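Here the protein sequences line up with chains F and D, keeping their order.
Mapping to the working numbering: the first sequence position 2 is 2, numbers consecutive.
Mapping to the working numbering: the second sequence position 72 is 72, numbers consecutive.
Possibly wrong hints are sitting among the right ones.
Claimed, not checked - Ranges of calculated distance between the beta carbons of each label pair, as one might list FRET restraints:
id	chain 1	residue 1	chain 2	residue 2	range
1	D	Leu254	F	Asn213	22 to 30 Å
2	F	Ser168	D	Tyr106	39 to 47 Å
3	F	Ile112	D	Ala37	45 to 53 Å
4	F	Trp102	D	Gly98	21 to 29 Å
5	F	Asn142	D	Ala37	56 to 64 Å
6	F	Ile112	D	Ser111	41 to 49 Å
7	D	Glu60	F	Asn142	19 to 27 Å
8	F	Ser168	D	Ala37	56 to 64 Å
9	D	Lys41	F	Trp102	35 to 43 Å
10	D	Lys207	F	Glu214	22 to 30 Å
11	D	Gln224	F	Asn142	44 to 52 Å
Source of the hints: derived by calculation from the structure; they are not laboratory data.
Quantities reported herein were computed from a predicted structural model and do not represent experimental measurements.
For each residue, glycine too, the CB sits at the ideal point set by N, CA and C.
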Amino acid sequence: MEKNRNILDEALTHLRSFSPKEKIWNNLDQQLSDTVLNKGLSELKTFDPPDVIWESISMELSGKEKLDKLYKFDPPENLWANIEIQLDGRANKKSKIETLKWLSWAAAAVIILAISYFLIVPANHQSNISYSQETIEHVNINGWAEDDNEIMLVLNQLCASNPVACASPDFKAKEKELNDLDKQKKEILNRMSAYDSNKDLQLMLTKIELEKNEIVKQMISNIM
Amino acid sequence: MKNSIHKIGFIFLAAILLFANRIDGQTNVQVVTKTLAGEEKWVAGMKLEINGENALIHCETHPEQSILYEIEIISKHSEKEKAENDLNKMKWVSGKQGKTLFMRNYIELASGDTKPESNLKVMYHIKFPEGCPLTINNYFGEIKVENTQSMLKINSEFAGIDLINAKGEIEVESKFGDISGKLLNGNIEVTSNRANIDFENISGTLKILATVARINLRSLSQIQSLSIEVEKSEISIDAGNEFRYFLDIKNTELEKPSWMTFDPDDKAENIHKVNFIKLPGNPLIQVKQNIGTLKIN
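Next up, chain F with everything else stripped away, as it sits in the complex (with noise of 0.2 Å):
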């Protein structure tokens, strides 16, 4: 046991008291908390990320300084309200492109109406098939060319004795003449049949045939 138990109480209560600044336990809590901090610290597992991640970190950060360094600059005043004015025309834009989508779909109704209109519905018939025979007189088809080529070899005789009066403009409008009512010809001998008589086919041909005798008897008064 202490004998001078008393004297050592006594002596510290004559001890001056001391309080520490507040920046002192503050400095102690931070150092204390470190302390702690780095010994958690210490004992975390290390690891490298991959090099994709620092890539994509780096776009990053210089994307954003590309955006930092773009001007920044205040717009006028009326640009808001064009801005306002044209979201407005958008909205009614939309409601144009609704009415033109009904208006289509109108115009399409209207148009296969239209069609089913002019559309032919075939009317209903009865027919029959019946069998004959009759006899022709057989006709000669070839007999209306034969001519032809003569007239043509003619007149290119004649044009090559004289070339300057087959150039007249008469002289061409009558070529021109005959030419068309060689293809009138030609037309109506496709038509012709070796089973038919042909009658009327052939006073049209006659006709034509008249005609051109007169134009050819024309063009050759004008060589001549």
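Here the structure of chain F is known, so what remains is to put chain D in place on it, guided by the hints.
Chain D in isolation, oriented as in the chain F frame:
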């Protein structure tokens, strides 16, 4: 006796030769005919339009309110099989399109089909109401229309046209198909290209435009006005002295009756006026012609 035998022998030989010649000049043909018939109800405002090719179109009116039709498609060939085969190449269709009843025939060739060798024709026998407007387009063949009262419009190429007793608006255009008409009354307009025109008993107004045609007009006493504009044509008008005449003719040989004297105020050489002073209110006949002949009776 010997003479008689010789005579009989000669007659026999002549008969053989004659028969042989007949065989040489004639051909036997197989005829296959397909007939289609039907009827369509007609309502006011309904029109009929026929588009033919190598078609013989015969239309006439009837008192019924319907359009009756009988169509014959005829194929002729020396071989029956070919005639039958070619018959199927000629198509005939009919149907309503709005207020118009259409009829049409045409040659249809399927892939690999050859052009028909047979003589193919289509005959239309149509009966329709008087009030039904009629339009006919035909390429080769013929057209005959009788007793129409409504609008009549015809366009023909190489197909003759025959009109009998037609009234109303009549419009005819023809190339190479001669036009004949009897008892026509209304506003008649004819355009002809190398198609002869033969009209008689005409009333109303008549206008003719023609190139290379022989025009023959008779019995025109009821006509209200006649206008003819032609080139390279021969005209014969039988109208009489009850009309005013205005003739504008160049390079034309004029043959006029004894009663026809030109009014004295003519200035141009090619223009002649008749009865303008004597009959100022009478119907007018105008002729404008270049090259040809003009005969007035």
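Quick rundown of the hints versus the structure:
Checked against the hint of 22 to 30 Å, the pair leucine 254(D) and asparagine 213(F) passes, with Cβ atoms roughly 25 Å apart. The hinted window of 39 to 47 Å between serine 168(F) and tyrosine 106(D) holds, with their beta carbons roughly 44 Å apart. Taking 45 to 53 Å as the suggested C-beta distance range, the pair isoleucine 112(F) and alanine 37(D) does not conform, at roughly 34 Å. For tryptophan 102(F) paired with glycine 98(D), a C-beta distance near 27 Å keeps the hint of 21 to 29 Å intact.
One distance hint, 56 to 64 Å for the beta-carbon pair asparagine 142(F) and alanine 37(D), is violated here, with the actual separation near 39 Å. The hint said 41 to 49 Å for the Cβ distance between isoleucine 112(F) and serine 111(D), and at roughly 32 Å that hint is violated. The supplied range of 19 to 27 Å is broken by glutamate 60(D) and asparagine 142(F), whose beta-carbon atoms lie about 39 Å from each other. Checked against the hint of 56 to 64 Å, the C-beta distance between serine 168(F) and alanine 37(D) comes to roughly 60 Å, which is consistent with it.
Distance hint check: the CB atoms of lysine 41(D) and tryptophan 102(F) are about 39 Å apart, consistent with the given range 35 to 43 Å. At about 27 Å, the beta-carbon gap between lysine 207(D) and glutamate 214(F) stays in the expected band of 22 to 30 Å. At roughly 50 Å, the beta carbons of glutamine 224(D) and asparagine 142(F) sit within the given window of 44 to 52 Å.
Hint violations for this structure: numbers 3, 5, 6, 7, all remaining hints satisfied.
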